[in-house]
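Chain P is already provided as a structure; the job is to place chain G on it using the hints.
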Amino acid sequence: MTNFLQQVVSGLASGGIYGALALALVLIHRATGVINFAQGEMATFSTYILWTLTQNHGWPYWPALAVTLAISFAGGFGVHQLVVRPVERGSVLRVVIVTIGLLLLINGAMTWIWSGEVRSVHSPFPTRTIDMGGVAISIQDLGTIGVSIGVVILLGLFFRFTKVGLALRAAATNPAEARLVGVRVPLLLGVGWGLATMLGAIAGALTAPTVFLDPNMMQAVLIYAFAAAVLGGIDSPVGAVVGGLLLGVGLNLLGTYVNFVGADLRLPAALSVILAVLLFRPAGLFGHRVVKRV
Amino acid sequence: MTRKPIVFVALAVALTLGASALAGSTRATGDPGITPTSILLGGTVPLSGVASAYSAVAVGASAYFKYVNAKGGVGGRQINYKYLDDTYNPAQTVQLTRQLVEQDKVFAIFNTLGTETNLAIRPYLNQLKVPQLFAASGDTSFGADAATYPQTIGFFPSYQAEGWALGQYMRKSHPKAKIAVIAQNDSYGRDLLVGLNRGLGGGVAKVVAAQNYEVTASDVGSQIAKLKSSGADTLAIFATPQFAIQSYVFANKLGWKPFVITNAVSSASNIMLLASEGGQNKTVLGSVSVVFLKDPTDPKWSKDPAIALYRTILARYAKGANAKDVYHVYGMAVAYATVNLLKRLGKNPTRAGLIAAVDSMNITDDPFLLPGIAIKTGPGDHFPLSQMYFQQYAKTGWKQFGSLVSYKG
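Protein sequence lines, in the order shown, are assigned to chains P and G.
For the first sequence, counting from 1, position 186 maps to 786 in my numbering; every step adds exactly one.
For the second sequence, counting from 1, position 187 maps to 711 in my numbering; every step adds exactly one.
No wet-lab data here; the hints were simulated from the structure.
In this text the structure is predicted, and so the values were computed from the model without any measurement.
Mixed in with the good hints there might be a few duds.
[What the hints assert, rightly or not] Just so you have them, the derived chain G footprint on chain P, three or more residues with Cβ under 8 Å:
id, segment
1, 602–608
2, 709–718
3, 783–797
4, 810–817
5, 850–856
6, 879–889
C-beta: ideal position from N, C-alpha, C; glycine also.
Just chain P, same shape as in the assembly (with noise of 0.2 Å):
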């Protein structure tokens, strides 16, 4: 029974980390539309700046993470300005492979910047861990889940009650109205980046101090973050959560008890929830489905 709460603990703790990736992943979706394969360097990148800010230039952290997320906010806003915006108008493949391409020149800037060599990053969070009944729990994984939560809060109200956040769901759900009521549409959509760039920030954040910081660090979770993603619904922020942690839980669980899954066949088990939410649900648990005339 230990065993199998205590991975169900460290499952949460995993789960986390998707779910907050996962989240960013989201706000892009919501706000523009689309997949932005590059989320994951993006947040690694921010997360970056964060370990420069306090490792080489000493700043207390809480500065040093402001900085960071403003950094981020311009980052993402000038990337879409930049990058994305002239290739919005044509297919939605044309901005996918945009975001692919993204992917590959941030992760080689990493490297050419900051060396493939691993790096810590401080957790804001103490990294004692509580004991229950046999049971570790770290309080630095209650404060990921903490963060992430909270996150989805402020994300709701966001959307619900400022001007901002309304334009933005305007301007993502039907742009050419929206233009007509006087939305500017390509300016929000650059805001919707900023955004989503700021939680991959907080995402990076929250992930370095238990997987350690190298330009790789987020390849492997922008997966999980996909399969949280389309399992809670790809345009639901309480979805991207709870679908990261029950992935997380999920994949431990089956890792653990189902033999032949072990530790080798967890990514394809992160893949196969994937192909069966679309298969049989596509609008994931908590997403809305969308129906189109034709």
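Then chain G, alone, in the frame of chain P:
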């Protein structure tokens, strides 16, 4: 359709070039890469990309060759070592190695880094009878397949030998140990585990649980939790740097304080430093690993003539190189062995002569290896290094201890 002629022209040109290259090689006297004043060696290392830290092995070797050249070279010949960037990608290794062999006409491929990369070029080099000298990998197959691939030889102790040494250590020093193993699920992790079991040799100390991880995994939290629940008191970490660090960190997170044994790749000083999480993680202290090179950061060698020479050579011929990086020492150790081999080839070095020399190495004075460690081979025995010492991690860094252990495959 309009493209077709161009394809034909290209094909024709390629064929002609290929034919002339073949013709050239049959007409030439003596082996490629040898002139009256020079010997050309070539190889690939990751100068960029995720594994670029390993490029130091080429920098160290190159610096040592320059030092030998300044003293007159080998038999009046200067050793030129050309290394190219394969970014640790076997596809690029193949392409660049072909370039080195066919265009640069190297005498031998030397010191190419990595397991997959070396495996990728092994059939090609053996077919052309180009020596594949000192592949920088501990994969057991580079030594074990000497009959099939006589042109190929590795350098450092095989992963099986490392695992075996750790098993022997556990058997003697912790005879009642219950060992849990976290290993990468490829030949690297498997060889270490096989070696460990062989070293334990059916004693009371044994492996009670083994978990592996896929290189594409994001973390090993689940595996470490499972290993903890096995009731083991010892953790064997056979991983690559990032997952080695994670193993320590997750054990600590679970409140598990096992005794740790680990192989050379998982135990570089920077790994231990990161894993100790600024001194909070005490599991790191007391870890036991194996070592065969003189560690330039170990105060024990601060007055050692070889390490002093190492610093001088690095300062003169590899400006800006970090002298604390033990990979540079590795480069010089392997270059020293190479110079020794080349000296034995006499006035007219040939590739066949080089392989004959490779089959009968007995170098007992490589100053960059720990005292007593010999580089020894025989016909069909392509494991140059099979001796090592143990080291234990303390607050100040790794400390070598105990007597020399020799692995007999």
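Going down the list of hints, with the structure as the test:
With a cut-off of 8 Å between beta carbons, the segment 602–608 of chain P has 4 residues touching chain G; three or more are needed, and the interface restraint holds. Coverage of the segment 709–718 of chain P by chain G holds in this model, with 6 residues showing a Cβ closer than 8 Å to a Cβ of that chain against a need of three. As drawn, the segment 783–797 of chain P meets chain G at 0 residues by the rule of a beta-carbon pair under 8 Å; below three, the given contact is violated. Interface restraint, the segment 810–817 of chain P with chain G: holds (6 residues with C-beta to C-beta distance below 8 Å; minimum three).
Judged by the Cβ-Cβ criterion of 8 Å, the segment 850–856 of chain P is covered by chain G as claimed, because 4 of its residues qualify and three suffice. Counting residues of the segment 879–889 of chain P whose CB lies closer than 8 Å to any CB of chain G gives 0, which falls below the minimum of 3, so the coverage claim is violated.
The structure is inconsistent with the numbered hints 3 and 6, although it conforms to all the rest.
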